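Each chain is listed here by its residues.
Number of protein chains: 2
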Amino acid sequence: MKKPFKNPEPGDKIEVIINGKSDVGILLDSHDTGVLLLKLDSGYNIGFKKEDISEIRVLEKKKIEKKDEGKFELSHQKPVIDFILTGGTISSKLDPKTGGVKWLIDAKELFSMYPEIFEIADVRVYSPFMKASENMDSRDWIRIAKIVSKSLNDENVKGVIISHGTDTLHYTSSALSFMLGKLNKPVVLTYSQRSSDRGSADSRLNLICSARAALSDIAEVILVGHANMDDEYCFALRGTKVRKMHSSRRDTFRAINTKPIAKIWPDGKIETILEYNKRGKNNTKIKVDAVFDNRVALIKFYPGQDPSILDYYKKKGYRAIIIEMSGLGHVCSEGKNNWIPKIQELIKKRMFVYAAPQTLYGRLDPFVYSPGRKLQEIGVVYLEDILPETALVKLGFVLGHKSWRGSIATKEKMLQNLAGEFNPRLGEEFL
Amino acid sequence: MKKPFKNPEPGDKIEVIINGKSDVGILLDSHDTGVLLLKLDSGYNIGFKKEDISEIRVLEKKKIEKKDEGKFELSHQKPVIDFILTGGTISSKLDPKTGGVKWLIDAKELFSMYPEIFEIADVRVYSPFMKASENMDSRDWIRIAKIVSKSLNDENVKGVIISHGTDTLHYTSSALSFMLGKLNKPVVLTYSQRSSDRGSADSRLNLICSARAALSDIAEVILVGHANMDDEYCFALRGTKVRKMHSSRRDTFRAINTKPIAKIWPDGKIETILEYNKRGKNNTKIKVDAVFDNRVALIKFYPGQDPSILDYYKKKGYRAIIIEMSGLGHVCSEGKNNWIPKIQELIKKRMFVYAAPQTLYGRLDPFVYSPGRKLQEIGVVYLEDILPETALVKLGFVLGHKSWRGSIATKEKMLQNLAGEFNPRLGEEFL
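Protein sequences, first through last, are from chains Y and G.
Offset between the first sequence (1-based) and our numbering: plus 4.
Offset between the second sequence (1-based) and our numbering: plus 4.
Hints were generated in silico from the structure; no laboratory data involved.
Given the structure is predicted, the values throughout are model-derived calculations rather than measurements.
All C-beta atoms, glycine included, are put in the ideal place defined by N, C-alpha and C.
A couple of the hints might just be wrong.
[Said to hold, decoys possible] Straight-line C-alpha distance at most 25 Å; calculated BS3-like pairs for lysine-lysine:
no., chain 1, residue 1, chain 2, residue 2
1, G, K53, G, K97
2, G, K346, Y, K318
3, Y, K346, G, K378
4, Y, K17, Y, K97
5, G, K378, Y, K320
6, Y, K319, G, K318
7, Y, K319, G, K346
8, G, K150, Y, K340
9, Y, K353, Y, K289
10, Y, K320, G, K97
11, G, K318, G, K282
12, Y, K340, Y, K154
13, Y, K340, G, K319
14, Y, K106, G, K53
15, Y, K320, G, K150
16, Y, K282, Y, K417
17, Y, K291, Y, K150
[Claimed, not checked] Label-pair restraints from in silico Cβ distances:
no., chain 1, residue 1, chain 2, residue 2, range
18, G, R299, Y, P345, 19 to 27 Å
19, Y, E120, G, K340, 51 to 59 Å
20, G, K320, Y, E120, 50 to 58 Å
21, G, L419, Y, K291, 47 to 55 Å
22, Y, S411, G, V62, 52 to 60 Å
23, G, K82, Y, S374, 36 to 44 Å
24, G, E236, Y, G272, 39 to 47 Å
25, Y, G383, G, S79, 52 to 60 Å
26, Y, P345, G, F133, 17 to 25 Å
27, Y, S374, G, T37, 48 to 56 Å
28, Y, G272, G, K320, 54 to 62 Å
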């Protein structure tokens, strides 16, 4: 039997009584009309069936100033974080009218979902576009890089947070790492794997830890999100050494071939694990280097694969290819699908061919077996322990520079550790 | 100063004295002429510089009957294992003449490197070919499957071991899983990551554990190798749920989206972890189903990728594609690189399009976001938690059957759990 209940506003502190039991928390926007969503003091979100509720009391009305995109009444007492919404699950909520996804696009809406970050900082919200991340490409990376660089060069800003879909977040984090270069402040990418309408939402912890990271002295492009399946703390992961490794887990992003830079707790405690670039005391201006040549491709090698796929890319005008090679850096080197003559032919036609590890973990080594030696001999460049995804982004970035486009200059840049994409101290410790 | 020393034969039990210190072990073939390689009782291989050695004593001459390929004097007291050499690091040793790799191709050579497995079983050695695994393709999978099926149908044989290169071993293990179907005996694939000439060789433990597995009641296609960085025990991993995850570590092969089937110790102890198909008491004959249609391809989706790569495959006469999609199963669904119209066009032209997870871990779910729903609507089939590599092999296998080639029959087979390639009980426990 449906019982009557008051309908307080999201952001209000309320008490909910079910079967004589009382729960107190902040009312969240819930777009399941039958469910009341409450953020408990413990930090967990809990959903109640409205029909089970016997009473609701408003304990405290939400404190919110009207904020519009780009126009803020800042407290001037808290540090300023620029928050750039680009889409993804973290920036979306269910639209009760359509059943589809609706974007959160202004500070007010963001506040109603995530009031805590507004307690930590004066948050200025911007949104260049709202996209699911599988729809992003290099033009989006360039737009984000340019916006971020403006925030970095604003002396009022302590750090930047970018919320982003998870699917291709590791490509974007690589792109920003290369395009922004040496930083003076933190650039934090974050995400959620679960919709904020659900009880199991991971966005709250990720956002609070991201705010802590944005105010920290980690002046790098980092990805901040759940360190494990608990809601206890987050990892800060280097933007060029991270990959989405699970389709749904909250701790989907993993440091590959390196450690996380730090553990970050929601209360602001930070435990450093790796060395990192520290916040600049002189607040040096950032010169964004947001260029990209899209004539690059990534091919995953597999047994029996016809190497004439390389001809397709050549014909289409591509300039350079990353091949995800097997093992220490091999492709088929005999029989009818011998890749070596085809690669040699393409390199002679001024295509650049780079190798990245299909295993993801570990380092390539062309010197152990003869096919590797042969491939290197004909001009394939082995990209050490780089992630294939990072390799692709780096290649487009490097070729985006006219002065780096010669085969020697490109090779030199591709082998230079521009943004921590290589781990020169890597042993066999990670897997 | 070089000291004189006796030159005992590989396989002899010897004592080596250096600086008054004595080491006892089995002499191994060493192709570094300056190094004497000894297998200690502890199981470790140790190399001594010959110039440091003051004395060598032969304690026991090797016991070896002359064995040639396919012609064996079996003890008739031990169980019989058929050992199929296909190449790879595990079947190779340095050729002291050329500095290159030389294949181990007969029982005598195998014995001189790995005497222990001959103590556990009567080992019959065959070799259909010797290849680095990056050079293998579906024809090789078919040849191996046919040879293995003969061994499985020989009532004298207790189990089969296949030694194989690591680079594409997980493709072969998938292929054999599909081609051999329900088994009556164990089919064990094994490997080494380090050359057996080196002190850190991993082949000994892998081979002994493989022999234990071949004599066990695990009647599945399994991959047996180091469980971790120690030389203590191995895992038996299901052939369709395994992937090479590190370019050089001994425990490179990992169960993805499932647990290992068992832990196997070199002394024969086996600890079961997962349910498995048990050795048949009635020794049912195996009907090998060794077919493959090579007109299949694997594409890894990445941001900004031009979907007209699909036209290339269509023009080349390919029948079906696996797309490694991002996240829960997405590709770009808007803008100039919108994949959806292109996929729809190709499906209308009778190309089959299947989705596998680029994250490797976790399960696809087309129902969470609208692009997934749209892709499924236009005919893309989502392959749950399958590995992309396994998906490719399965697709070629399924299309190798004339009667399964219709779009409905193919889809039905692709979604049927033929060889444990799906984990229907998968939660979020693995990463």
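Hint by hint, here is what the structure shows:
Using a Cα cut-off of 25 Å, the hinted pair K53 of chain G and K97 of chain G holds, with the two alpha carbons roughly 19 Å apart. Between K346 of chain G and K318 of chain Y, the direct Cα distance comes to roughly 21 Å. Compliance with the 25 Å bound is thereby established for this hinted pair. At most 25 Å may separate the alpha-carbon atoms for a hinted pair to count; K346 of chain Y and K378 of chain G exceed this at roughly 38 Å. Simply put, K17 of chain Y and K97 of chain Y have alpha-carbon atoms about 21 Å apart, close enough for the 25 Å limit, and the pair holds.
With a C-alpha separation of about 29 Å, the suggested pairing of K378 of chain G with K320 of chain Y is violated against the 25 Å cut-off. With a CA separation close to 16 Å, the supplied pair K319 of chain Y and K318 of chain G stays within the 25 Å bound. Note on K319 of chain Y and K346 of chain G: the hinted pairing holds, with a Cα-Cα distance of about 20 Å set against a maximum of 25 Å. A hinted pair counts as satisfied when its Cα atoms are at most 25 Å apart, and K150 of chain G with K340 of chain Y qualifies at roughly 22 Å.
Taking the CA atoms of K353 of chain Y and K289 of chain Y, the gap is about 41 Å. The hint is violated against a cut of 25 Å. Proposed proximity of K320 of chain Y and K97 of chain G is contradicted: the alpha carbons are some 44 Å apart, above 25 Å. The suggested pairing of K318 of chain G with K282 of chain G is violated, with an alpha-carbon distance near 43 Å, which exceeds 25 Å. For the proposed pair K340 of chain Y and K154 of chain Y, the alpha carbon gap of about 54 Å is over 25 Å, so the pair is violated.
For the proposed pair K340 of chain Y and K319 of chain G, the alpha carbon gap of about 20 Å is at most 25 Å, so the pair holds. Distance hint between K106 of chain Y and K53 of chain G is unfulfilled; the C-alpha atoms sit about 71 Å from each other, more than 25 Å. Distance check on the hinted pair: K320 of chain Y and K150 of chain G sit about 42 Å apart at the alpha-carbon level, beyond 25 Å; violated. Restraint check for K282 of chain Y and K417 of chain Y: the C-alpha separation of about 24 Å stays at or below 25 Å, so the hint holds.
At most 25 Å may separate the alpha-carbon atoms for a hinted pair to count; K291 of chain Y and K150 of chain Y meet this at roughly 9 Å. At roughly 23 Å, the beta carbons of R299 of chain G and P345 of chain Y sit within the given window of 19 to 27 Å. As the Cβ distance of E120 of chain Y to K340 of chain G is approximately 39 Å, the hint placing it in 51 to 59 Å is violated. Between K320 of chain G and E120 of chain Y the CB atoms are about 54 Å apart, so this pair conforms to the stated range of 50 to 58 Å.
The hinted range of 47 to 55 Å is satisfied by L419 of chain G and K291 of chain Y, whose Cβ atoms lie roughly 53 Å apart. For the hinted restraint 52 to 60 Å between S411 of chain Y and V62 of chain G, the CB-CB distance of approximately 58 Å keeps it satisfied. The given range of 36 to 44 Å is respected by K82 of chain G and S374 of chain Y, whose C-beta atoms sit roughly 38 Å from each other. Separation of E236 of chain G from G272 of chain Y is about 42 Å and conforms to the stated range, judged on CB atoms against 39 to 47 Å.
At about 54 Å, the beta-carbon gap between G383 of chain Y and S79 of chain G stays in the expected band of 52 to 60 Å. The hint said 17 to 25 Å for the Cβ distance between P345 of chain Y and F133 of chain G, and at roughly 22 Å that hint holds. Against the hinted window of 48 to 56 Å, the Cβ-Cβ separation of S374 of chain Y and T37 of chain G comes to about 21 Å, which falls outside the hint. Checked against the hint of 54 to 62 Å, the pair G272 of chain Y and K320 of chain G passes, with Cβ atoms roughly 57 Å apart.
The structure fails to meet hints 3, 5, 9, 10, 11, 12, 14, 15, 19 and 27 from the earlier list, while all remaining hints are met.
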